[in-house]
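Peer 1: Chains A and B are the protein sequences, given in the same order. Quick note, the first sequence lines up with residues 1 to 90 if you use the numbering used here. Quick note, the second sequence lines up with residues 1 to 142 if you use the numbering used here.
What the hints contain is simulated information worked out from the structure, not anything from laboratory work. Take the hints with a grain of salt, since some may be wrong.
What the hints assert, rightly or not - Simulated pairs of lysine-lysine, DSS-like, Cα-Cα distance not exceeding 25 Å:
1) B:K101 to A:K47
2) A:K46 to B:K60
3) B:K101 to A:K51
Stated by the list, open to error - Pulled from the structure, derived: some chain A residues nowhere near chain B, Cβ distances all over 10 Å:
4) M1
5) G13
6) D22
7) I23
8) N25
9) G27
10) P29
11) G30
12) K35
13) T38
14) F74
Source: prediction; values computed, not measured. A virtual CB, placed ideally from N, CA and C, is assigned to each residue, including glycine.
Listed here are the chains, written in short residue letters.
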Amino acid sequence: MKIKNLAVLILFGFVLIFAQKDIPNFGEPGPIHEKINTVYLSETYKKTHTKNTITAVLADWRGVDTLGETMVVFAAGLAVLMILGAKKIK
Amino acid sequence: MRGPTKSLVVDAISRILIPCIFTFAFYILFFGHESPGGGFQSGALLASGVILSRMTLPEKDTLIIMTDKQALRIAVTGVLIYLLTGLIAMFQTGNYLDYSKLFSALNSSMNHYWGIMFIEIGVTLCVAGTMVLMFDILGEKN
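So here's chain A without its partners, still in its complex pose:
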């Protein structure tokens, strides 16, 4: 069992070292800065008519993502309610 774990660990380490080649160098623009970012900056005002790009990305381009964040916050509150305060609020 120990040997199997060690083999998986070494294999995973090789995968990480192999994937490390594709990371852009420190301080250099990667694919996200060259492809996606320029599209957001140039298309946001044309498509969403919002001056604040951050709000447009948060609420308009990625509305479903923000919906998930809101539901995560609400689920955390529900978890606290169910674990600690179920008898207080009925």
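Start from chain A and add chain B according to the hints.
Peer 2: Quick look at chain B alone, frame taken from chain A:
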């Protein structure tokens, strides 16, 4: 008629400060379309005002703002506003959470404005209600 801190100064200052915090929260919410800000920040500010009143004001005065049961209902209402905005956009022949056809009477620019505003209001209510609810449950004394 003092709060838990038994201090007149804390009582008076927090009575002045809490409306200012609420006003700033609404400013951040309604001006988040054009400046830094938005739903999460505004919800945290609203909750901080309520939590400040919980810590400094007497119980009779702080329960006027929001009780714990109302906090739970407010959080649920926020999530429902968000979901319903997406559903309304879907019934107006758009995609889910696609605001460009939200109300047929308005043009595309105002549709995006009101769509973002509605979901920010939903996020604000959810975050504020959840934070006040957590504070009330964790600070319960018995």
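Peer 1: Next, verify each hint and record whether it holds.
Peer 2: Going down the list of hints, with the structure as the test:
1. With a C-alpha separation of about 13 Å, the suggested pair K101 (chain B) and K47 (chain A) falls inside the 25 Å cut-off, and the hint holds.
2. At most 25 Å may separate the alpha-carbon atoms for a hinted pair to count; K46 (chain A) and K60 (chain B) exceed this at roughly 51 Å.
3. With a CA separation close to 19 Å, the supplied pair K101 (chain B) and K51 (chain A) stays within the 25 Å bound.
4. With a minimum CB-CB distance of about 42 Å to chain B, M1 (chain A) clears the 10 Å threshold, and the non-interface call stands.
5. For G13 (chain A), the shortest C-beta to C-beta distance to chain B comes to about 38 Å, beyond the 10 Å cut-off, and the non-interface label holds.
6. Every C-beta of chain B lies more than 10 Å from that of D22 (chain A), the closest at about 33 Å, which supports listing it as non-interface.
7. With a closest Cβ-Cβ approach of about 30 Å to chain B, I23 (chain A) is found to remain outside the 10 Å limit, as its non-interface label requires.
8. With a closest Cβ-Cβ approach of about 31 Å to chain B, N25 (chain A) is found to remain outside the 10 Å limit, as its non-interface label requires.
9. At the 10 Å boundary, the C-beta of G27 (chain A) stays outside the reach of chain B, the nearest C-beta of that chain being 26 Å off.
10. A cut-off of 10 Å between C-beta atoms confirms that P29 (chain A) is not in contact with chain B; the least separation is 24 Å.
11. Every CB of chain B lies more than 10 Å from the CB of G30 (chain A), the least distance being 25 Å, so the non-interface label holds.
12. The claim that K35 (chain A) is not at the interface with chain B holds, since no C-beta of that chain comes within 10 Å of its own (minimum 23 Å).
13. Every Cβ of chain B is farther than 10 Å from the Cβ of T38 (chain A); the closest lies at roughly 21 Å, confirming the non-interface assignment.
14. The Cβ of F74 (chain A) does not lie farther than 10 Å from every Cβ of chain B; its closest approach is about 5 Å, which violates its non-interface assignment.
Of the numbered hints given earlier, the model fails hints 2, 14; all others are met.
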